[in-house]
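Based on the hints, put chains B and C in the right spot on chain A.
Now for the letters of each chain:
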Amino acid sequence: MKTRTTLIILLALLTAISPVFAGGSKEAKADDGLTHIEMWYNATQTEVGPLPNDWVGYDILRDMGIELDASSLPSSTTDQDMKVQAAAAANELPDFFVANREVWVRLANNGMLADVTDLYELMPERTAIMFDQDAINFTTIDGRSYGFATPSIITMNEGLVIRKDWLDNLGLEVPTTLDELFDVMYAFTYNDPDGNGRNDTWGYGAFIEETIYESYPGRRFEPLMGAFGVDGTWDMSKDSFGLQIHKPEFYDYMVFMKKIIDAGVIDPNWMAYKKDDFRAAWKQGKFGIMREQNAALHAQNNYAPFDANFPEGEWIVIEPPYGPTGLRSVGPAVRGLRIWCISADAADAGKAEKICELFEWMAHDEGYFLCGWGQEGINYVLDENGIPVSTEGDIGFEGPIGQTYIQLRSMAFNYTSETELLSRYPVYTCENSGKEMSALWTLRDMQSKTWTPANGMDSMPIPGNDLKTYYQQGLAEFFTGARELTPENWQAFIDQLDKLGATAWEQEGYDYAVANSYLV
Amino acid sequence: MDGKNLRDKNYWGKLKKDVARQKWIYMLIVLPLVYYFIFKYIPLWNAQIAFRNFKSVRYGITTSPWVGMENFYEFVTSHYFWSLIRNTLMYSVGKIIVSLPLSIILAIAIYECRHGALRKVVQTLAYLPHFLSWVIMYGILLSLFAPGDGIINDLIKFFGGQPIDFLTNAKAFPWLVIFSDAWKEMGWSAIIFIAALMGIDVSLFEAAMVEGANSWQRVKYITFPAIKPVIVTVLLLKIGTIFEAGFNQIFMLYSPAVYSVGDIIDTWVYRQGLLEGQFGLATAAGLFKGLIGMLLLFLSNYLSKKYTESSLF
Amino acid sequence: MKKKNKQITSVAVKPTAADRGFNIFVDIFMVFILIVIVLPLWSTLTLSFRPDTFIGTYTEGMFLPPWEWSFAAYESLLGNDGFLIAFWNSIKILVEGVVCALILTIPLAYGLSVRNLRGKKFITIFVLVPYIFNVGIIPVYLLIAKLGLTNHLESVFLPVAISTYNCIIMRSFFEGIPNELRESASIDGCNELQILIRIILPLSKAIIMTIGLYYGVAFWNDYFRPMLYLTRDYLRPLPILLRNILLAAGMNEFVEARAFGNAPVEAIKAASVFLSAIPMVIAYPFIQKYFTKGTLLGSVKG
Chain A
1 MKTRTTLIIL LALLTAISPV FAGGSKEAKA DDGLTHIEMW YNATQTEVGP
51 LPNDWVGYDI LRDMGIELDA SSLPSSTTDQ DMKVQAAAAA NELPDFFVAN
101 REVWVRLANN GMLADVTDLY ELMPERTAIM FDQDAINFTT IDGRSYGFAT
151 PSIITMNEGL VIRKDWLDNL GLEVPTTLDE LFDVMYAFTY NDPDGNGRND
201 TWGYGAFIEE TIYESYPGRR FEPLMGAFGV DGTWDMSKDS FGLQIHKPEF
251 YDYMVFMKKI IDAGVIDPNW MAYKKDDFRA AWKQGKFGIM REQNAALHAQ
301 NNYAPFDANF PEGEWIVIEP PYGPTGLRSV GPAVRGLRIW CISADAADAG
351 KAEKICELFE WMAHDEGYFL CGWGQEGINY VLDENGIPVS TEGDIGFEGP
401 IGQTYIQLRS MAFNYTSETE LLSRYPVYTC ENSGKEMSAL WTLRDMQSKT
451 WTPANGMDSM PIPGNDLKTY YQQGLAEFFT GARELTPENW QAFIDQLDKL
501 GATAWEQEGY DYAVANSYLV
Chain B
521 MDGKNLRDKN YWGKLKKDVA RQKWIYMLIV LPLVYYFIFK YIPLWNAQIA
571 FRNFKSVRYG ITTSPWVGME NFYEFVTSHY FWSLIRNTLM YSVGKIIVSL
621 PLSIILAIAI YECRHGALRK VVQTLAYLPH FLSWVIMYGI LLSLFAPGDG
671 IINDLIKFFG GQPIDFLTNA KAFPWLVIFS DAWKEMGWSA IIFIAALMGI
721 DVSLFEAAMV EGANSWQRVK YITFPAIKPV IVTVLLLKIG TIFEAGFNQI
771 FMLYSPAVYS VGDIIDTWVY RQGLLEGQFG LATAAGLFKG LIGMLLLFLS
821 NYLSKKYTES SLF
Chain C
834 MKKKNKQITS VAVKPTAADR GFNIFVDIFM VFILIVIVLP LWSTLTLSFR
884 PDTFIGTYTE GMFLPPWEWS FAAYESLLGN DGFLIAFWNS IKILVEGVVC
934 ALILTIPLAY GLSVRNLRGK KFITIFVLVP YIFNVGIIPV YLLIAKLGLT
984 NHLESVFLPV AISTYNCIIM RSFFEGIPNE LRESASIDGC NELQILIRII
1034 LPLSKAIIMT IGLYYGVAFW NDYFRPMLYL TRDYLRPLPI LLRNILLAAG
1084 MNEFVEARAF GNAPVEAIKA ASVFLSAIPM VIAYPFIQKY FTKGTLLGSV
1134 KG
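Chains as they are written, first to last, in our numbering: chain A, 1 to 520; chain B, 521 to 833; chain C, 834 to 1135.
Isolated chain A (complex conformation) (with noise of 0.2 Å):
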């Protein structure tokens, strides 16, 4: 009896730490002859469910020599980035995988990285569409590339919108200086557009929003910015090079920004306010100027809501306001790239030249179809014009399942073919307002406004981290009144702000610049 109690525990006990040891198995990789590639990628929905076992670009890839496996990047891009680098510190990155530029610049400088500098000739379709001298300087390193850049984001689909229903309410023009902006905004605010007879709606609506190259508070505040020629986080140009910060018109954008702020003319719950609330907020009605992008605006799923609550409603693409100077901008056009990387273990073990193939096969025709509409007949079929249109039901690719075999859409697409473009934005009806609509008029309309041309400020250096927040907090707190803006205070902010490493920030920027010829 004492003895099997004995034997029955330590038993239990082997069998709570066998996990440990199971663990030791891993996968073990067949001897198949087939090139094993390990795949970090941005899924297009990460939220839907992985690729399907059965999707047949496996088949094919293995057909060509190479047993992919893919797995998707968490969404959120901090998350992205705590995972490769974290991964990078345990050698344990996967052979191929996508990075935002601050962590490609890391990983490269700690030698993770292959060089790719004679790999791109192994991929001639997709350089000719992708790979320009700008792309390659963007992964270069004293004269190396060490990733491939690739185009992330359709470029310039934002604009300052404006709700045209509230205007022609109210009688008022569409605003082209900053000033008839401001009285757009005071009319939104106190004069009830909506006529609902209630106080409950602002002129602006924003929240926070900070990339590397639109500093706080961030892009939905470029508009205000780009008329006072403060937008972006740089001046490029080659005669006024420098932080906008420093220039003394940021400090009247500063003036501007308290005058709505104080005038009640803003959306108070701007600082609050995460993405999603804001794009909740204005579906609501709550105010009627921003700047937006042209699918969160006008795809039909997005739409929809607005659509139902205000059958009036319109959203119109307006031209940013001129400033005091003559300024205008919608803000800082960027190309938006984000690099795939070949890791150095992958490049040791030979595996760079498979890993070409498959990137270049995601290039052009039956992989680009493939990865990014799915299976002809199936999951798509083409129109009259050749464009792809998803099937009815769930396995289309817009449907939920049919989402599950379009994952890799981001490594095939290049962002600005026709046929991209008419497939992701078709024309549609709205079902309440029974108005015709599409989201590519929208971005059509936001890419002919005035914008500032930012080639290269998205992969300029970045701020120490102290320097940033007190880049942040400072901005914010005057925003929010702790600190009274006055030009004695303004100046003792940037005074602390260049004693926390501004100005070396501002040269290391210069030479940045200089040296990838990207001042204009």
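By construction, these hints were calculated from the structure, which means they are not laboratory data.
Note that the coordinates shown come from a computational prediction; the quantities given were computed from them, not determined experimentally.
Warning: the hint list may mix true and false statements.
[To be verified] Pair ranges (Cβ atoms, derived):
{"id": "1", "chain 1": "A", "residue 1": "247", "chain 2": "C", "residue 2": "925", "range": "55 to 61 Å"}
{"id": "2", "chain 1": "A", "residue 1": "366", "chain 2": "C", "residue 2": "1118", "range": "36 to 42 Å"}
{"id": "3", "chain 1": "B", "residue 1": "780", "chain 2": "A", "residue 2": "511", "range": "32 to 38 Å"}
{"id": "4", "chain 1": "A", "residue 1": "316", "chain 2": "B", "residue 2": "690", "range": "35 to 41 Å"}
{"id": "5", "chain 1": "A", "residue 1": "481", "chain 2": "B", "residue 2": "602", "range": "21 to 27 Å"}
{"id": "6", "chain 1": "A", "residue 1": "247", "chain 2": "B", "residue 2": "585", "range": "37 to 43 Å"}
{"id": "7", "chain 1": "A", "residue 1": "488", "chain 2": "C", "residue 2": "861", "range": "20 to 26 Å"}
{"id": "8", "chain 1": "B", "residue 1": "767", "chain 2": "A", "residue 2": "211", "range": "22 to 28 Å"}
{"id": "9", "chain 1": "B", "residue 1": "780", "chain 2": "A", "residue 2": "56", "range": "52 to 58 Å"}
{"id": "10", "chain 1": "B", "residue 1": "535", "chain 2": "A", "residue 2": "111", "range": "52 to 58 Å"}
{"id": "11", "chain 1": "C", "residue 1": "861", "chain 2": "B", "residue 2": "780", "range": "33 to 39 Å"}
{"id": "12", "chain 1": "A", "residue 1": "481", "chain 2": "C", "residue 2": "869", "range": "28 to 34 Å"}
{"id": "13", "chain 1": "C", "residue 1": "925", "chain 2": "B", "residue 2": "550", "range": "55 to 61 Å"}
{"id": "14", "chain 1": "A", "residue 1": "430", "chain 2": "C", "residue 2": "928", "range": "46 to 52 Å"}
Using N, Cα and C, we set each Cβ at its ideal position, and we do this for glycine too.
For chains B and C alone, coordinates are given in the frame of chain A:
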């Protein structure tokens, strides 16, 4: 010489006897201790990257160049160092002061409540907010406190006041953090005290009643002392990790407007160390936190032993 | 047994004014807590039922009549392959993890609760040091990679299979068990292992269940470890998917695509939170069954 040998002999003899007597206990704990060695002490050994210019295992841990205290230096000389320490302590101490008593009171209230239905409902629901992640909680807080259309601000405006930007106001933000944490975690932390209350010998209550003690006195002299050891244990464990102020919560709630009161060590380390791939720096900050935590733990353990007679070791 | 206890506490002596005040205080506190807790739960629940066509504020949404509720969010989540795969992975981590954690934690907690154990102080400090020195995720990752545990579900719970916090709490419960019980068993010829199994464990159901719940929930909600250690899509547990749903909506370049049918984004978020909490919500009442007053008393007398 001889005397020492004799003492040694006695000592070893006694040790042998003790160990032989308790051999089953050692056999029971040997596996967990091996576990500790592998999964807790090897990472602690790996933490030497705090003193090295570590890039990747590809180039080795022990072969990466020695940089001494450079990572610690970078952390300690940060422009924000003191403000990080102050904020971190403000939140962890604030949470201990607010959440811990609240969860103890809740546990006792659940134990003492005479309305069976009310007790059951509260006991079953109280822990559920723990499952609402901070992303969801942020949505709820926004609906309550948003300056534009939050419920609280609607009320303030209704009574003719000026709306308050709770989420971006440096004065209001700390309160928001501490009380939203109590709100979410109170029921969850109460579970452990409820479990402790279940062990109370109910015949004590009987005796107390015979002696004419009222309910307040019962709580004071029986209920509370019965769970005191658990409270002390929890408190001591929390003091040891005084620099953990709730990363997930603050990371979700804070923004540049409240950096001055919202940025804590962990959020700073996340931005500076983890996102920027400076893992040596992140580890150094962890060791720094641990060192001070250790000192505080030894101190409070000593005090606790002296005044409450319960201690961790 | 239980009934008798109730009698003792409620009827035996006539309540005084102080007692009544106490009861009123307890009732008011409980009702207050109930309101404070139900409010966020209710608002999230109604949010998950919100139909696509809803117009109005957050507050108005809380009072939407049930016949206007929409179950679209739940339907599209439950019909989603990604969700089901993730749910199943989470269940595997939960069951395996809790069993493993309890089998490792209980003996250690018991060992540390034994009086006069040689080297007890040393072992306690040995156990506490790594708890205090939280060296962060990377040193652990280096170990996990070295052991070849990446892309194994075990990597999610093994690094935290003993939580020192839980272990020390459990120890302090074991210490609360009267020493006479151990001594008398020892005189009866039981060894320490038998004492643990025959005497300590039956008396400690409440705390074992509680610690099991603590472990279970920690494993169930863990996000960072799976995010770093599990790469394959088919191994993703629920928190990863949940985070993708909660944070990513709109982070995509492909904002025109919608993963989840007709339900509004906010409803999907709220519904995913409720669906993911279900196993824990089911488990808790079972655990509560072991929460009976005066567990010790019965054992001493019996």
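Status of the hints after comparison with the structure:
A C-beta distance of roughly 58 Å is found between residue 247/A and residue 925/C, which places it inside the suggested range of 55 to 61 Å. Here the CB-CB span from residue 366/A to residue 1118/C is close to 56 Å, at odds with the stated 36 to 42 Å. In this structure, residue 780/B and residue 511/A meet the distance hint of 32 to 38 Å, their C-beta atoms being roughly 33 Å apart. For residue 316/A paired with residue 690/B, a C-beta distance near 39 Å keeps the hint of 35 to 41 Å intact.
A beta carbon spacing of about 25 Å between residue 481/A and residue 602/B agrees with the range 21 to 27 Å that was offered as a hint. Under the hint 37 to 43 Å, the C-beta atoms of residue 247/A and residue 585/B, about 41 Å apart, fit the expected range. Judged by the Cβ atoms, the range 20 to 26 Å given for residue 488/A and residue 861/C is violated: they are separated by roughly 54 Å. Distance hint for residue 767/B and residue 211/A: a CB-CB separation of about 24 Å, consistent with the stated range 22 to 28 Å.
Under the hint 52 to 58 Å, the C-beta atoms of residue 780/B and residue 56/A, about 56 Å apart, fit the expected range. For residue 535/B and residue 111/A, the hinted distance range of 52 to 58 Å is satisfied, since their beta carbons lie about 53 Å from each other. Range check, residue 861/C to residue 780/B: about 38 Å between beta-carbon atoms, so the 33 to 39 Å window is met. Distance hint check: the CB atoms of residue 481/A and residue 869/C are about 32 Å apart, consistent with the given range 28 to 34 Å.
Taken as a hint, the range 55 to 61 Å is violated for the pair residue 925/C and residue 550/B, whose Cβ atoms sit roughly 28 Å apart. Our hint of 46 to 52 Å for residue 430/A and residue 928/C holds, since their Cβ atoms are close to 49 Å apart.
The structure shown violates the earlier hints numbered 2, 7, 13.
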